[in-house]
Every structure is written in C-alpha cells, then in structure tokens.
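Trainee: Sequence:
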Amino acid sequence: MENKAIMNMGLTDEEVLASRLKNGSNATELKEDRVFWQVLKEVAMEPMFILLLVACIIYFIAGQYQEGFIMLASIFIVAGISLFQDYRSRNAVQALNKLSATRATVMRNGQHIKIPADEIVVDDQVLIEEGEVVAADGLIIAANDLSLNESVLTGESFAVSKTAENNNMAYKGTMVSSGSATILITAVGTKTMFGKIGLSMQEISIVKTPLQKQIRSFVRKMVWAGGLAFLVVVGYNYFLSGNFIQSFLQGLTLAMSILPEEIPVAFSTFQALGAFRLLNNKIIVKQPQYVETLGSATVICTDKTGTLTQNKMSIAYLYDAGSGRSIKLEAQADIPTVLIEYAMWSSETTPFDPMEKAIHALYQKIALTDQRPLFKQVHEYPIGGKPPMMTHIFKSETGETIIAVKGAPEGIMRQSKLSESEMTLFETQAINYAKEGYRVLGVGKSQWNETNWPESQTTFNFTFLGLIAFQDPPKENMAA
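When we follow my numbering, the leftmost residue of the sequence shown carries the number 8, and every step to the right adds one.
Hints may contain errors.
Claimed, not checked - No more than 30 Å apart at the CA atoms, straight line, and that leaves these computed lysine-lysine pairs for DSSO-like: (1) Lys319 to Lys383; (2) Lys319 to Lys372; (3) Lys228 to Lys48.
As the list claims (entries may be wrong) - Ranges between beta-carbon positions, derived for each pair: (4) Trp455 to Gly31: 52 to 62 Å; (5) Ala80 to Thr193: 55 to 65 Å; (6) His119 to Thr193: 13 to 23 Å; (7) Leu432 to Val345: 11 to 21 Å; (8) Arg446 to Lys121: 20 to 30 Å; (9) Thr466 to Glu172: 21 to 31 Å.
Please keep in mind that the hints were generated in silico from the structure rather than gathered at the bench.
Just so it is clear, CB atoms sit at the ideal spot from N, CA and C, and this is done for glycine as well.
Sequences are here, hints too, so could you generate the full structure?
Mentor: Given below as structure tokens:
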C-alpha cells in the first residue's frame with residue numbers, strides 16, 4: 008500500500024478496506040474467558056459442592072428422602088448463586104464496555120472525521136489531543152507540546168514528552184497528558200503493545216481467595232475424618248454382628264454426623280448476601296467469594312478524568328486583579344472582559360487544549376465584536392520556564408500590537424511590578440482556588456517598543472490582570 012497516510016489526504020475508503028483485510032481490525036475484545044460450562048465446571052469441582060453431592064447421595068441410599076431432597080435443593084442454591092452472579096457481572100461489564108467505547112479523529116478522503124476506535128486501520132492518520140486515550144499504536148508524524156501518560160504500560164506515573172524526531176511512538180491505551188499530535192498507525196488490535204498484554208493475561212489462572220483455600224482444606228480434612236470413621240464403624244459392627252447392611256447404615260449415620268454439609272450452604276448464602284449488598288451500592292462483584300477479599304480492602308482508588316468527570320474543562324471562577332473581585336461564572340456576574348480577551352490572545356489561535364477551548368468559548372460569548380479576524384500572530388514564545396508560561400504577540404493591519412501571557416500565576420507575578428501586599432493577596436487567592444481543586448492560570452499583558460522581539464519571554468515586564476480557575480465538572484449522573 009502507498010504511504011499515502013503521511014500526506015494530508017489520509018486513506019481512501021478502498022485503502023481502508025484493503026488495510027483491514029491485510030492487518031485486521033482494531034478490536035481488542037478477547038474470547039470470553041468464562042463461559043457457562045466453564046463456570047459450571049468450576050462450581051462442580053469445588054469441595055463444598057462435592058460435599059453436598061456426597062451427602063445427598065448418602066441420604067438417598069439411607070432412605071432418608073426428605074433430607075436428600077433438602078440437600079438437593081441446597082446443591083441447586085449453591086450452584087445457582089455462582090452462575091447467576093457470573094452471568095449478571097458479565098452483562099454489567101459488557102454494558103460498561105459499550106458505554107466507554109472510544110471514538111477517534113482520523114483523516115479519511117481528505118477530511119477529519121470521528122469514527123469508533125475499533126474501525127481504525129493500519130496507515131490511518133489519527134489526531135490525538137489532551138485528555139484522549141490513544142486508540143492504536145502509531146508513529147508520531149507531527150506534534151505540538153505532546154506528552155503521554157504511559158503508566159498503563161510502564162507503571163510510571165510521570166508523563167513522557169514526545170516529538171516527531173525523538174521518542175516518536177505512541178501506544179494504544181496511553182493517555183494524552185498535554186498537547187496534540189498526528190500519528191500514523193502502525194499496529195492495531197491484538198498486535199498493539201496493549202493488545203499483547205491482554206493476550207498474555209489470558210494465560211493467568213484465577214487464584215483462589217484465602218477463604219476458599221481455608222474452606223477447601225477444612226472440608227477435605229472433615230471428609231477424610233468422616234470416611235475413616237465410616238470404615239471403622241462398618242468394619243467393627245460387621246465383625247460383631249456379621250450383618251453388612253446394618254453395619255453399613257450405622258457407618259453412614261456416623262459419617263453424616265461428621266460431614267459438615269451445612270457449611271457450604273451457609274458460606275454461599277453469606278457471600279451472596281454480601282454481593283447483593285455491594286450491588287445495591289453500585290459495586291459489581293464478579294464472583295460471590297470475592298466479597299471476602301474485597302472486604303479486607305481499606306483504600307479503593309479510581310481514575311477521575313473521564314470516569315467521574317466529563318473530561319472537559321470549564322471556567323468556574325475569574326479573579327480580576329484590578330478590582331480584587333472573585334467572580335463565580337455561574338452567577339452570570341459582570342465578567343472582566345480584558346482578562347478574558349488577553350487569556351484568549353495568549354492561547355492558540357486554533358485551540359486544542361481543553362482550557363484554551365473554554366477560554367475561546369467564553370470570549371466568543373461575551374465579546375461585542377470578535378477581534379480575532381483583525382489580528383495576526385507575529386511571534387510566539389511556547390510554554391517554558393520554571394514556573395511555565397507562554398506568550399503570544401499579535402498585530403493588526405493598523406499596527407496595533409497585543410502582547411498576552413498566561414501560565415503559572417507566580418511566574419507572571421514575578422515579572423510584574425507588584426507591591427509586596429499585592430503579591431501576597433494574589434498568591435493567597437491562587438492558593439485558595441487550588442485548595443478547592445481548581446486548575447489555576449494567571450493572565451497578563453505587556454508592551455514592547457523596540458523593533459526586534461526579545462529572545463526570551465522573561466525579558467518582558469507584565470501587567471498582572473488576574474486569575475482563571477478551571478474545573479473538570481462531574482458527570483450529571485455522579486452524586487456530589
């Protein structure tokens with residue numbers, strides 16, 4: 008196939024079909040690891056189940072049909088609980104997988120389109136942005152301040168910087184921590200690094216819980232004790248009476264008094280009740296016996312972004328440095344226009360970052376006249392420095408110049424002519440926003456009267472305009 012994906016047109020429909028036939032699809036759903044008959048086999052091989060079955064047979068042999076039928080009902084209860092719990096959990100997991108199905112932006116027939124991630128093929132050109140999960144392994148052919156969280160593969164929590172020239176591979180399942188990129192897909196489905204891990208996990212056997220191991224050991228010991236007592240009683244009585252039938256029944260009576268046939272029913276019932284209680288609290292337990300393991304957990308960690316939240320940034324508060332007001336955006340109060348304008352100018356003209364998208368959206372909402380078409384960006388200082396910030400410079404046809412900066416509030420304040428009391432006030436406000444869980448950006452502006460722009464943005468003297476506090480709002484169905 009031609010390496011047409013590197014070009015701007017992307018793949019055609021015919022090339023997509025050819026690539027899918029040659030390299031397969033991007034689906035990573037592996038074969039069902041627990042089918043009905045396998046679950047039934049596991050239940051039947053449990054010592055508790057075997058104990059109930061033996062007890063049931065003995066009752067029928069001894070002519071105690073009422074106890075036999077009760078024990079038979081217990082067998083169905085124990086098996087039914089495990090089968091029902093497994094069926095319900097598999098259906099719930101499948102439903103969650105459908106809800107979490109991802110989509111990706113690809114270049115097809117010269118257009119960017121959104122498609123399900125499973126439909127990506129080798130040689131597709133995929134656009135990835137901050138907050139998204141990489142849908143397939145690919146070669147980075149263009150990047151803008153890109154960093155990826157590869158902890159799903161490496162276990163390392165720190166984001167890894169990526170460029171088209173250095174460390175230029177993006178892997179399926181990793182999260183885009185910042186920036187954006189275009190990747191050329193090189194592997195899909197189970198051929199990706201993520202897919203290979205999934206295949207290797209199929210070879211892992213299910214480990215018994217501590218409670219299961221203890222019960223199995225206890226039941227086996229009691230069965231051996233009951234069997235030994237049965238043989239001793241049968242042999243001794245037969246030696247004295249010579250009546251095998253009577254000796255056999257006496258041995259069965261003693262064996263049934265030793266065999267703990269009530270224990271399997273009690274444990275299965277308690278585990279089922281625990282699983283049901285967890286279900287009422289929106290917690291899915293795949294097998295009832297896992298309740299015991301889960302019950303020993305003291306801390307449960309969950310991913311927040313995109314799971315509990317909407318995976319998008321919105322502006323919660325604005326702080327106007329000139330008036331000293333903290334403005335809650337939901338209150339629809341008087342919004343400081345200058346603060347939003349300069350925050351917009353310091354952002355990318357075509358924003359990909361969720362915070363910059365929120366800034367552009369608010370500017371478009373409050374601006375009486377959209378100034379963006381009237382200005383052209385003439386110089387840019389990318390994110391840099393410690394603490395980091397970025398500066399953009401725009402000029403209009405009339406010669407008006409705009410120098411706008413945004414970034415870490417302390418970095419901008421350090422380059423602003425602020426009094427000690429003002430520094431303390433603004434820093435306190437930024438800290439208060441951060442303590443409430445908001446992501447905080449400072450915004451400033453500057454002037455430059457010389458012909459050539461300075462080599463570094465740290466040369467500018469800024470006027471500190473204020474703060475913007477962002478949040479990733481929780482999903483509507485998430486309880487506060």
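Trainee: Now, for every hint given, state plainly whether the structure supports it.
Mentor: Hints, verified against the model:
1. With a C-alpha separation of about 28 Å, the suggested pairing of Lys319 with Lys383 holds against the 30 Å cut-off.
2. With a C-alpha separation of about 18 Å, the suggested pair Lys319 and Lys372 falls inside the 30 Å cut-off, and the hint holds.
3. At most 30 Å may separate the alpha-carbon atoms for a hinted pair to count; Lys228 and Lys48 meet this at roughly 23 Å.
4. Look at Trp455 against Gly31: about 56 Å separates their beta carbons, and that is inside 52 to 62 Å.
5. Taking the beta carbon of each, Ala80 and Thr193 are about 58 Å apart, inside 55 to 65 Å as hinted.
6. Judged by the Cβ atoms, the range 13 to 23 Å given for His119 and Thr193 holds: they are separated by roughly 20 Å.
7. The hinted range of 11 to 21 Å is satisfied by Leu432 and Val345, whose Cβ atoms lie roughly 19 Å apart.
8. With their beta carbons about 26 Å apart, Arg446 and Lys121 fall inside the hinted range of 20 to 30 Å.
9. Between Thr466 and Glu172 the Cβ separation comes to about 28 Å, which falls inside the hinted range of 21 to 31 Å.
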